[in-house]
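Protein chains in written order, with the working numbering: chain A, 1 to 350; chain B, 1 to 921.
Hints were generated in silico from the structure; no laboratory data involved. There may be inaccurate statements among the hints.
Pairwise CB distance ranges (calculated) [to be verified]:
1. A:GLN124 with B:PHE467: 50 to 58 Å
2. A:ALA74 with B:CYS826: 54 to 62 Å
3. B:THR596 with A:GLN163: 47 to 55 Å
4. A:PRO217 with B:THR868: 36 to 44 Å
5. B:ALA599 with A:PRO217: 56 to 64 Å
6. B:ARG422 with A:GLN124: 52 to 60 Å
7. A:GLU115 with B:SER571: 45 to 53 Å
8. A:PRO296 with B:ALA572: 18 to 26 Å
9. B:THR595 with A:PRO87: 31 to 39 Å
10. A:PRO296 with B:LEU600: 25 to 33 Å
Built from N, CA and C at the ideal position, the CB exists for glycine as well.
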Amino acid sequence: MKRKSPLRRAVLASLVVAAFVGPAVGSGCGGAFPPVSQVSGLRVLAVVADKPYAQPGDTVTFTMTYANPVGAAAPQILWLGPCVNPPGGTYYGCYSQLASLMPGLGDTFSVTLPEDFLAPPITQGTAFVFFAACDGTVGALDGGASGGLAGSFPLGCFDANGQQLSADAFVPGYTQVYGFEDGRTNHNPAVTGLSINQVPTDAGVGDGGSVTPCPVPEASRLGVSGCGKADPFQQCQDDRAEYQITVDVPPGVAEVDDANKSPATGQPQYEVVWVDYFADQGDIDTPTALINAAEPVSDAGPALQSSFSTNWIAPPAPAGDAGALPVNIWAVVHDNRGGETVAHEILQVP
Amino acid sequence: MTKTLSTSCLALALLASSGVISSVAHAQEPPEAQPPTDNSVPRGGAGAVITHPDAPPPDKPPAPAAPTAPPAGFTMPKALNYAPPIYPPEAEKAGLEGQVVLSLDIDKEGHVTKASVAEPAGHGFDESALAAGRALLFEPARKADGTPFAARIKYRYSFTLTPVAPAPAAPGESAADKRAQSAFSGLVLVAGGTVPIAGATVALSPGGLSATTELDGAFAFKDVPSGKYTVLVRAPGYKPLSVEETLAAGEATEVKYRLSTSSGALEVVVEGDRPPREVTKRTIEAAEIARIPGTNGDALKSLQSLPGVARPPALLGLLIVRGSAPNDTQTFVDGTPVPIIYHFGGLSSVVPTEVLSKIDFYPGNFGTQYGRVQGGIVDVGLRDPKKEYHGLAQIDLIDARLLLEGPIPGLAGWTFLAAGRRSYVDAWLGPVLSATSSGTTEAPVYYDYQFMVAKKPTPKSSFRIAFFGSSDVFKIFAPASASQPELAGQFAFSTAFQRLQLHYANDFGDGNRLNVVAAVGRDEVGIGLGPINFNLDTRSVSGRAEYTAKLGRGMTLNAGVDMYGGYAVVSAQLPPLPVPGQPPNGPFSTANITTTNSALGFFQPGAYLEAEIAPDGNTRVVPGVRLDYFDANKQYDFSPRVNARHDLHKEFPRTTLKGGVGLYHQQPQFQQVLPPFGTPTVKSNRSIQYSVGVEQEFTHQLEASLEGFYKQLDSQVTAAAGTTASGVATTVYNNNGTGYVVGGELLIKYKPDRHFFGWIAYTLSRSVRSDGPGMPEYLFQYDQPHILTVLGSYNFRNGWEFGARYRIVSGSLVTPNVCDVTSSTCNAARVNALFNAASGTYTAIPLSGPFSERLPLFHELDLRVDYTWKFKSWQLSTYLDVQNAYNQANVEGLTYNFNYTARSYVAGLPILPSIGLRGEF
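Bound-form chain A, shown alone (with noise of 0.2 Å):
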């Protein structure tokens, strides 16, 4: 690609933004912060429920995939629920009654639904499940002022001494079963791994390969959009440093959602399908992508989009002797039901 020369460039991109910065803004060039597929620090990926629909008496498992820097401990995950149907059908009607939750620690956090979560009158149940990755210690905070009806979260992240660790050390949050007194059910996606430049990795989490560093800074690097800055897609994608990373799904992997018909049709259509891609080193263009849109069902199945991949750049070589970079890329896939599914690969920078 031609460099421009720094002053035409300068003088062009006066002209931009004098004429009308509102679009730059929006096509991202306003903030200068890292894109959301980007992981640093302490992140929470995904949490899957293997029942995304579930029954009274159901048993229900909530994995969570989790990412933190290279050499950190392990965090703290603090659980507490099932909090079933609370006032309002919101997770902030909980908080009156988190204390009483059953609490639970580690990766994965069991809970069984009550009888009377689809008593009658109910025929649609919520169970809300809080969960607390921190970096210390999870504490329980003081509500203090807070502007909406959510107020303010009551738990909090403290080191040894106490202090309050920043947002950076603590992810919280909540996810939700559903139950339907027609016992509709939900699966979790099916998904079969990651491709790299359409080659499926090896089965499992291990040695996805070795790929070409793009020798552009980190520094030089804003997001996808270069903003004045060098775009590393159009200058390492002649170094063949560019890879197209796709989640492998099965071709049936949107299921029937019969419950919820086609307002035009009146029949049933399957689940909306989307798939979140994650980094942990180099950059990733397209961070969602739609695998599955509401389509009426028809006997050819589902009609999947005809690409859901994202393109991603590898960082620059490690320095010095410190050997191989491992890359850890992720790719969770929902569906509109509140099930999903994780696909997790290591590659190597050498």
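Once you've looked at the hints, dock chain B against the given chain A.
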């Protein structure tokens, strides 16, 4: 007696009849306050109606059928020289005669600044008369105190072919020689000076002899028998003079006769200023409109420099008036409501400056002729086409415009105007954006157009048909976001409106007037992104008819009706709300799109009655009532109002007190009242507005206005959580909202003179709302406590003009989700959002109440430089307009990272230069 070419053409200077002197708003010179012609209180500069010089503003006092004597002490312009026109050769050859009446604008120095043909004669007479008229020099019109002021007069040139003198002078014999030998000779001059009157007739009786004065006013009779004669001197526009003269035998008699101007020679349309019916009516003069820096010569953008008008968020063309929401202010074009007044991005207004005759802005306490809003009123007037051909072309970095107007060939008395403007920034911005690796590839496109034909059926009536409209389209390529994978592709937003308007006005005399405007229109709004789109198509009919009757001395009644009605069609393709079993903040864009089509009719009539009571020459009280009906909720709104003005000191320097109180209603929005989303029983928003102020003249150029206002809000429509009959959660609307707006406005203005104009405007205000009884008060979204604007423009009179505007405004209010880390009260460890694992998104936890944080102070300097080349029949101007000259990064909003652990300011427009070129004939 044969007519020959040897007789020079006769030009008769005809000054405007004694009586009322018309005042003119000139592009460079402002009109002055008019001498009072009735019992009304003069308004002075702050309230003067003003505008384009050729368009008589509406609601003006009637032209007198028989002009009355001028007020005591006022003097009319007096010609200091005489510039004889050239008799057109072709007309001479053809033996044609004619009369041309010119309209001359005379400035305070006595120069003719503009000459136009009021009554043409064709055949080259018009051009000859114009050339001669422009060379005239006058003693300017003066007030009683000697202050000169600009005026407009009628001036007639008569081109006649007169008989040759029976006895041509002997070769080498001069006129002076002839006089010396004549028994009777002399000069005919204008009374009070030494200006000769050419073409005057001097007749001797008995005997039937007559002579006509030469260009120098001289006449001569040769070989007149001695005796007693009655000399009758006549000249058009002058009172005849009859003098008894006795001519002695063998003696030469020389005389000088002076003629006084006569009344009733030519009707002059008085363009005085009508006294205001409102407490505050801010007007921007034609001389100022095109020169205010930072507005790129856009008249309506200059509204934002007036007190009481808050600064809108960047790139949003909103009008925020006295702490009210933008939709609380209504904009009209000649009494016809229009949906928007600014194009996308606020870059320019939908009606270009060149077709405006006036802008009336009422920040509050407006009269009963307006209703249905509780904020402010902007009523712009379109001017009538000029009677002579005129055109202009202008191009700058953003758009290009054309205008052409003049008489319609073949249709006597009819004139036309056609104007259009289109932005072309999209033509060059796309490639520039691509070159700078921006994700955007498009730019806004807008255009507006105005067509009209007009005629004055009688000197006191006018009729106009106008078709005008505007269109804005904006498209941007939006990449898929992490939370909405289907919301990708082209985002398009468009809005357009058209109006076909009929306007009729008639002045019946004696203070009785009728003003009628009716329009049909169409409004379109469209939004689309990916599979989602929304379209609103509204067809409307609107109208207003007002009759003004003068009931007696100091008492005038205004009665009027207006209406706004039509039907709207809504077409939407939207995803449904999440259903049970679906996480609430999932990617709604992926859901199955539903198509909705609906239509609704609406009808909003209104009627008002208002009295203008002037018990003496110093006081004016205007009480009135208005009744509105809204068919959506079957609601009647009764709104009594009263405004008053009193001159503590009527003569210069004038001091005026003003005040008003009134009840104002604003009907709920359609979606708030119409099923299935609205609540049919919700009533109109209501406010009681109070204002009091003083206007003070300091010098003839400097004046100030100080005003305090208070708006008490109640019955405000608010939304609350509720449930339907079947128990489904929904939104319910009620009238539990309250609030208030309190503040003061100061305007110190230096009115335009030959070199300079400018003003300082400061507004201090507070706007507060509450969602219900016992609910806490909070600052309204558009609250801006301090707004200071200082602007000025200096004309060097050598073609160069320089202007600057500086603004300091309180920052806008935002609803923060993350605290400012630089603040001592900020807890950086606060949990600002929760991760909703079911949908993979973060749910923000608001830091504090809605609009609870104020962004940093806004300040900006705008500069403008103009240079004009004036040629014989046209002029060329170029300008450089620079907004945000020192490139201040003013904060317009907040943006957050994906998990709300950090925030960043979003800066507004950086330095924005615009270069333009304009040619005009």
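Hint-by-hint comparison with the structure:
no.: 1; hint: A:GLN124 with B:PHE467: 50 to 58 Å; verdict: 56 Å, holds
no.: 2; hint: A:ALA74 with B:CYS826: 54 to 62 Å; verdict: 30 Å, violated
no.: 3; hint: B:THR596 with A:GLN163: 47 to 55 Å; verdict: 54 Å, holds
no.: 4; hint: A:PRO217 with B:THR868: 36 to 44 Å; verdict: 54 Å, violated
no.: 5; hint: B:ALA599 with A:PRO217: 56 to 64 Å; verdict: 59 Å, holds
no.: 6; hint: B:ARG422 with A:GLN124: 52 to 60 Å; verdict: 55 Å, holds
no.: 7; hint: A:GLU115 with B:SER571: 45 to 53 Å; verdict: 48 Å, holds
no.: 8; hint: A:PRO296 with B:ALA572: 18 to 26 Å; verdict: 21 Å, holds
no.: 9; hint: B:THR595 with A:PRO87: 31 to 39 Å; verdict: 35 Å, holds
no.: 10; hint: A:PRO296 with B:LEU600: 25 to 33 Å; verdict: 31 Å, holds
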